[in-house]
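*Asks:* Spelled out from the first residue to the last, the chains are:
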Amino acid sequence: MKQGHPEVERSRKSRKAEQARGVPLPGQTDIILESISDGVFTVDREWRITSFNRAAETITGIPRGEAIGRRCSDVFRCSMCETDCALRKTLDTGTPIVNRSAFIVDASGHRVPISVSTALLRDGRGRVVGGAETFRDLSVVEELRRKLEGRFQVGDLVSCSASMRRLFDILPQVASSESTVLVEGETGTGKELLARAIHASSRRRSRPFVAVNCGALPDTLLESELFGYRAGAFTGATRNKPGRFALAEGGTIFLDEIGEISPALQLRLLRVLQERTYEPLGATTTERANVRVIAATNKSLAAAVEEGAFRQDLFYRVNVVRLVVPPLRERKEDIRLLVEHFITRLNRVQGRNVSGVTAETMALLMAHDYPGNVRELENIIEHGFALSASDRIEPQHLPSALVGQKARPMIPDAGRDAILRSVEGDAIRDALERHGFNRLAAARALGVHKSTLFRRIKALGLELPASDGRSKGSRANEPGEL
Amino acid sequence: MRVALAVWDGRISPVFDVATRLRLLDVEDGLLLRSREVPLVASDPASRAGELARLGVDRLVCGAISVPFDAALAMHDIDVVSFVSGNAEDAARACVTGRLRRERFSMPGCGVGAGRRFAIRRRHRGGRRC
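First to last, the protein sequences are chains A and B.
First residue of the first sequence? That's 1 in the working numbering, and the numbers climb one at a time after it.
First residue of the second sequence? That's 1 in the working numbering, and the numbers climb one at a time after it.
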């Protein structure tokens, strides 16, 4: 039998040996890459895409032909590209990255959550010639996770509490109804976020959303701000200026702190709501207002009406649909979710990888009453995030007022550990009381497994009622339960 | 007209949602009057749009942008030329001379007939267009 060139023969024998061991041939590798559901692409040292598998096409929506040869960041469009590129880190350090979370933006402007892993590509001599990135579409996983956690998100509002769920459930009807809405809630509870969520779900969503803080401006300025003015209306009015109602035309106007406006302005606002018209200052003609009004207050408007501080007829016009956002201290089960939400956002913005808060930190956060509500919690987390150099936020990273406030007076000389044990005990007792001493419900509210709760109750020596607060008909105690 | 380009490493930033710098161009009648770079600090859609509004931006040129950010910019009457890619200097020059609509600046998968991409959403008219 005639033999081929020695090099070719050696190569052929080597390939046969590899096949015998199950190593795929080059063509088979392509077949494998084309058959998997994870996106895979490779880049050269110039960051140009050199290969792009079928799943990468599907997840990104970009055909292979348009991806090959283009800059990786222009094709992948990932949240990590600019500040925390996983592949760049791998090429710099030689260390692969596994399962880093991020998102990409597809051509329709939708964010697709993904997890990313990386590897180096080397030539036959071991020199690095590029990198490979594998990414998995986590959309379905994220959806399932939200459902499992009982977590709801509308716009930027996140919650797992029953009271907020009731709000989210009726939001679509409220949004589509066009009715004037009054949102009541303490400062920092997310009234504007709720108003934006209503607007974003309404048929006016492609038109403007204009927010006005009625409590921030004196009456004279507020009037011109809302209704605008014509040139010459007053000294300094050298040109026409549209008011907020004009800027919101076709869309939604959000009147925050509506309880702060003067009686005279209340009368003007009443006319806008009754007749859907208004006059800019100094105008001789009437303008039509095709604007949906969402008002908000952190006081009781009904009480203000009784005191004579707010017009009753305006109250009836504004109070068509009344939504009440509960304060954070009445839905502490949302604290864990909100902490996770804020840390995820801060990680994304600052390119860090803080994984969360320690158990002691969470105990402190759960024990606080949040007069400033969600905004206060956000500030606290941002404070802790800034001071934390490690991957978790610890108690010493929190504002000092938060730690000091909860020290029990009966332990005046307590060291840090004793104070934290005391705070943790307060948080556990508080959760149990709010849930009728139902250990499972309290554990869920605190964001821990029930066995962890039992261990902490035992370690802290807390004394609890014998009954566990579950409904009648269930067994009083399961084995191992306190 | 003041045009902002979201920039990174000498190129148009690939994702506006997380972009960290803007190049601001003051353009009038095809002439560049002033150019400077500023950081972009805010993170959520409303704050980011508010920051651009406070900078006096009339038009934003950027890479990929997600729907909430685009909607927030619309509320501030800021035009958006999105899904743009390429060298920032070239894009800025094209912007000043009104030639940014060329295919060479569109992101992959975002050409003509590909749907929303390379979208130019105009809320008002004024100054020379990119």
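Careful: at least some of the hints might be erroneous.
[To be verified] Some chain A residues judged to face chain B by a derived CB distance under 7 Å, without partners named: (1) E57; (2) G61; (3) G69; (4) V105; (5) R111; (6) V112; (7) P263; (8) A264; (9) Q266; (10) T277.
[To be verified] Away from chain A, derived, C-beta distances all over 12 Å, residues of chain B: (11) M1; (12) D9; (13) R11; (14) R21; (15) A46; (16) V67; (17) A72; (18) H76; (19) D77; (20) G86; (21) E89; (22) R93; (23) G98; (24) R99; (25) R101.
Hints in this document: simulated from the structure, not taken from any laboratory.
Note that beta-carbon positions come from the ideal geometry of N, C-alpha and C, so glycine has one too.
*Asks:* Hint by hint, say whether it matches the structure.
*Replies:* Status of each hint after checking the structure:
1. E57: Result: violated, 9 Å to nearest chain B Cβ.
2. G61: 6 Å, holds
3. G69: 9 Å, violated
4. V105: 4 Å, holds
5. R111: It holds, given that the least Cβ distance between A/R111 and chain B is near 5 Å, below 7 Å.
6. V112: 10 Å, violated
7. P263: Violated, because the Cβ-Cβ distance from A/P263 to chain B comes to roughly 31 Å (cut-off 7 Å).
8. A264: Not OK, violated: A/A264 not within 7 Å of chain B, min 29 Å.
9. Q266: Where the cut-off is 7 Å and the nearest Cβ of chain B is about 27 Å from A/Q266, the hint is violated.
10. T277: Violated, because the Cβ-Cβ distance from A/T277 to chain B comes to roughly 24 Å (cut-off 7 Å).
11. M1: Holds, since 19 Å exceeds 12 Å.
12. D9: At roughly 8 Å from the nearest Cβ of chain A, B/D9 sits no farther out than 12 Å, so the non-interface label is violated.
13. R11: 8 Å, violated
14. R21: 9 Å, violated
15. A46: For B/A46, whose nearest Cβ neighbour in chain A is about 7 Å away, the distance does not exceed 12 Å, so it is violated.
16. V67: 4 Å, violated
17. A72: 9 Å, violated
18. H76: 8 Å, violated
19. D77: B/D77 is in fact no farther than 12 Å from some Cβ atom of chain A, at 8 Å.
20. G86: 8 Å, violated
21. E89: It holds; B/E89 is separated from chain A by about 15 Å at its closest Cβ, greater than 12 Å.
22. R93: 19 Å, holds
23. G98: 23 Å, holds
24. R99: 19 Å, holds
25. R101: 17 Å, holds
Of the numbered hints given earlier, the model fails hints 1, 3, 6, 7, 8, 9, 10, 12, 13, 14, 15, 16, 17, 18, 19 and 20; all others are met.
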